[in-house]
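Here the protein sequences come in this chain order: A, B, C and D.
At position 107 of the first sequence the residue is numbered 107 (this note's numbering), and the sequence of numbers has no breaks.
At position 198 of the second sequence the residue is numbered 198 (this note's numbering), and the sequence of numbers has no breaks.
At position 99 of the third sequence the residue is numbered 99 (this note's numbering), and the sequence of numbers has no breaks.
At position 107 of the fourth sequence the residue is numbered 107 (this note's numbering), and the sequence of numbers has no breaks.
Calculated from the structure, these hints are not laboratory results.
Note that this is a predicted model, so its numbers are computed, not measured.
Quick reminder that beta carbons are idealized off the backbone N, C-alpha and C, glycines included.
Careful, some of the hints might be misleading.
Claimed, not checked - A few chain C residues that face chain D, going by a derived Cβ cut-off under 8 Å, partial list only:
(1) 34
(2) 36
(3) 123
(4) 175
(5) 190
(6) 212
(7) 217
Stated by the list, open to error - Pulled from the structure, derived: some chain B residues nowhere near chain D, Cβ distances all over 10 Å:
(8) 81
(9) 82
(10) 95
(11) 100
(12) 153
Number of protein chains: 4
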Amino acid sequence: MAAPQRSLQRRVWALLYTGGKDFTWGHFAVVAVIIASLVLLAVQTEPGLDPDMRRRILLLDAVIPVLFGAEFLLRVWAAGADRTFSGPGGRLAYFRQWVVVFDLLAFLPELIVLLLFPEVWATARWVRLFRLFRLLKLFAMFPAFREIGQAVRDAGRRLAATAAMAGVMLFSSAVLLYVVEADAQPDAFGSVPRALWWAVATLTTVGYGDVYPITTLGRIAAGFVAILGVGLVALPAGILASAFAERLGPRR
Amino acid sequence: MAAPQRSLQRRVWALLYTGGKDFTWGHFAVVAVIIASLVLLAVQTEPGLDPDMRRRILLLDAVIPVLFGAEFLLRVWAAGADRTFSGPGGRLAYFRQWVVVFDLLAFLPELIVLLLFPEVWATARWVRLFRLFRLLKLFAMFPAFREIGQAVRDAGRRLAATAAMAGVMLFSSAVLLYVVEADAQPDAFGSVPRALWWAVATLTTVGYGDVYPITTLGRIAAGFVAILGVGLVALPAGILASAFAERLGPRR
Amino acid sequence: MAAPQRSLQRRVWALLYTGGKDFTWGHFAVVAVIIASLVLLAVQTEPGLDPDMRRRILLLDAVIPVLFGAEFLLRVWAAGADRTFSGPGGRLAYFRQWVVVFDLLAFLPELIVLLLFPEVWATARWVRLFRLFRLLKLFAMFPAFREIGQAVRDAGRRLAATAAMAGVMLFSSAVLLYVVEADAQPDAFGSVPRALWWAVATLTTVGYGDVYPITTLGRIAAGFVAILGVGLVALPAGILASAFAERLGPRR
Amino acid sequence: MAAPQRSLQRRVWALLYTGGKDFTWGHFAVVAVIIASLVLLAVQTEPGLDPDMRRRILLLDAVIPVLFGAEFLLRVWAAGADRTFSGPGGRLAYFRQWVVVFDLLAFLPELIVLLLFPEVWATARWVRLFRLFRLLKLFAMFPAFREIGQAVRDAGRRLAATAAMAGVMLFSSAVLLYVVEADAQPDAFGSVPRALWWAVATLTTVGYGDVYPITTLGRIAAGFVAILGVGLVALPAGILASAFAERLGPRR
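Please model the entire structure based on the sequences and the hints provided.
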């Protein structure tokens, strides 16, 4: 009896793992379910949606955490086909992997809410944030994503230094504009936290246009801040990009 | 009789092909016609245009797909001067090139509409989109453009990973802002698809200013999204740029 | 009696300096105080703050320059444990380091205002700008920040050339738009300094949307300016980023 | 008599040229005059300026083209100290240099208007554009600026290809948005030239917010355009930056 079961375990293992290097049909199915579930998530928030339709979507949506839970159990069981994770010690080693945390987060929080408070699950808006955790499965599955994490670590010191610089720039800009513009526009620049909203919108160059200086002094200050700061806030991304480019190599 | 014709074919071939490496007078003529046709396209949409003028422009515009059709036939015929494409097997080989698809798309769809439904061709706005296909001829003609395509393939894995990250960021930001801002601004953030419009405008740093968070929580969430996400959405372009720079070499 | 004191001096020295290469508990304490003081700075500007709370925050805030002053004296004393800075000549050498200027700026200006004009210190908005000098301590403490300064010097000539180009572009754009748009919008483009505000907002791509050309000629000019200039104004940041990336090395 | 004159010529030559590699006092004087003249230019456009003050500024401003004309004559004369440019053939060689064109443009057009139509010079707004030509002197003087021009030539083919791509993207986006949005917003998207204003503002990420799509289809189209196009329009600047970085070397 042991041989066929082991053989089945092996085949499931091949479908779900294969070293994480190739794109298997198991990968494809999981990605398809994640994308479908995100489309469902987007559609069900539309206020103009037919209530009947919404109920059917909610039912479909409730299936997904159950599905991912089942996939997780299958994955744990199939891992036994790998020598590293067979035997009781192996099981423990499996749960010590950090990808398991991502796999668990992808269904467990939502499943708990769904089972214990189905009313909350169906109506509360914040529960939908849990569904974003499904995206974490992608990071657990594809090595390319994991290399993003490693690129962050590679560029660690540079990234930390430029991110701190960006933070200093954001805060200093907010204080500066608060000092020069607070009297003219108390609503938009009347306190440092308020001026921070302007600083974020300006230094990321988003520039919604809901807040901007109107006094001459404020515009001079904002002009200097914009010219100096725009590059600074873009630095961490540039450093991350080059670290990432180095890691993945030029031609793959 | 064969010798002079072959000689003519050779001369037309030299004019239209020459290995695609140099800029021939044939290239120049095609580029001039494309640019002229785009100017015509732009001008004829002006509502203040004199109706007589519009009629004359339309007539001129109708000539272009016919011209490009003729150029295509000439190109097919001249290709016979090249050994690879002479003989019946060569003709087939010619049509298997993917640049031929671009050459065909540049005139065939519009020519079909022009011949079968001249009324639609003259008035329907969406037909004008077909005229953009003329720009595809540029890609077929200049090797530098083709190298863009190859740069995309070079950076394939990196590009796919960062593009997926950008997609995840866009969607997650939209869900987050929908959760925190939907009550305050149901029109702008009342559903995930609506919040996606905000997310695109913010993370590309366009920031039109038609939608932006107004609650304190929404601004905090938007601030974090902007600082983290702005770099992420710019990553694919940076990666493509370095792949492209590598391919074309530093000094040519 | 000399031995134990020297030993204490040595231990304080180890806490505050250690070659600047590692993160000591002394570093941690200073960073924590700086961040806490900035949070206090931001909170106390909120107009809705309870007056009692504000008074308590102000008291806490007054402690910080005193604290940093004490830290500075401790630092000067502890520096004696380092051979380079022991003896009267060493003391002088210590004060010739430029990091000392940063350390002094971090508390001295504010301390002077606090002691001489406590009323001004408690109410004047511009005094809060002095508290930003506390951030300079970070530059004095962490070598990674100092390397930013060195990256600026490395890229010196390139940085100066592109910054000058950016300045030329900003000014020229302002004059151009002033010439073509002043009649249509005297408030926004009626003089070169006014048009400069538009130029800064456009070329940094912030684009608040408070000023933009409305005439056809103005839009054509602004379009050319935007396409050409956007890259130019971003060049210095790109050059700085690559100089910084080179200096810190790829993997640390 | 010849010897002392030659000696003077040599000294003027040393002041104005010195191989263009070092920053001489002659350089410094010219840069100071240029910057001062630009400040004058900016100030005199302020509508609130005292008429008396404006008259004095105008007088000062009239001196500058005369000054630059004198500097040009001095420069031509001093060039004789250089063997290459002495003798009648050398004079001709001097005027064949392209930096001479910049030197001439810096004062000649304005001087002509000033001498022939002093009324126009004093009042017409477009004459002020001529004063921007003074900035061209900077390019003639500093080798670092000339290297920008060489970087453009180095990156020639790549730059042309990406600039053409950016042009194609801009035009195609405008046609696309015109097709989907013209009915809903005839003023902003009613013709391709009008939609081009939107395309420029969006793809450079300036995003003033004066025009943006309001229909669902228009927003979907604009979203795709923004995500794809933003990187494309930034590519030429990135390519130019890397060419420029290569040319100036890492540490100078």
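Each hint, compared with the structure:
Hint status for residue 34/C relative to chain D: violated, with the closest Cβ pair at about 33 Å, above 8 Å. Residue-level restraint check for residue 36/C is violated (minimum Cβ-Cβ distance to chain D is 36 Å; threshold 8 Å). Interface restraint check for residue 123/C: the shortest CB-CB distance to chain D comes to about 33 Å, outside 8 Å, so the restraint is violated. Nearest Cβ of chain D to the Cβ of residue 175/C: about 6 Å, under the 8 Å cut. The hint holds.
Annotation: residue 190/C was flagged as interfacial toward chain D, and the flag holds, the nearest CB pair being 6 Å apart, inside 8 Å. Because the smallest distance between the Cβ of residue 212/C and any Cβ of chain D comes to about 4 Å, under 8 Å, the interface hint for this residue holds. At about 11 Å, the closest approach between the beta carbon of residue 217/C and any beta carbon in chain D exceeds 8 Å, and the interface hint on this residue is violated. The claim that residue 81/B is not at the interface with chain D holds, since no C-beta of that chain comes within 10 Å of its own (minimum 28 Å).
Every C-beta of chain D lies more than 10 Å from that of residue 82/B, the closest at about 25 Å, which supports listing it as non-interface. Consistency note on residue 95/B: stated as away from chain D, and its beta-carbon is indeed over 10 Å from all of that chain's, at 26 Å minimum. With a minimum CB-CB distance of about 20 Å to chain D, residue 100/B clears the 10 Å threshold, and the non-interface call stands. For residue 153/B, the shortest C-beta to C-beta distance to chain D comes to about 16 Å, beyond the 10 Å cut-off, and the non-interface label holds.
Checked against the numbered hints listed earlier, the structure breaks hints 1, 2, 3 and 7; every other hint is satisfied.
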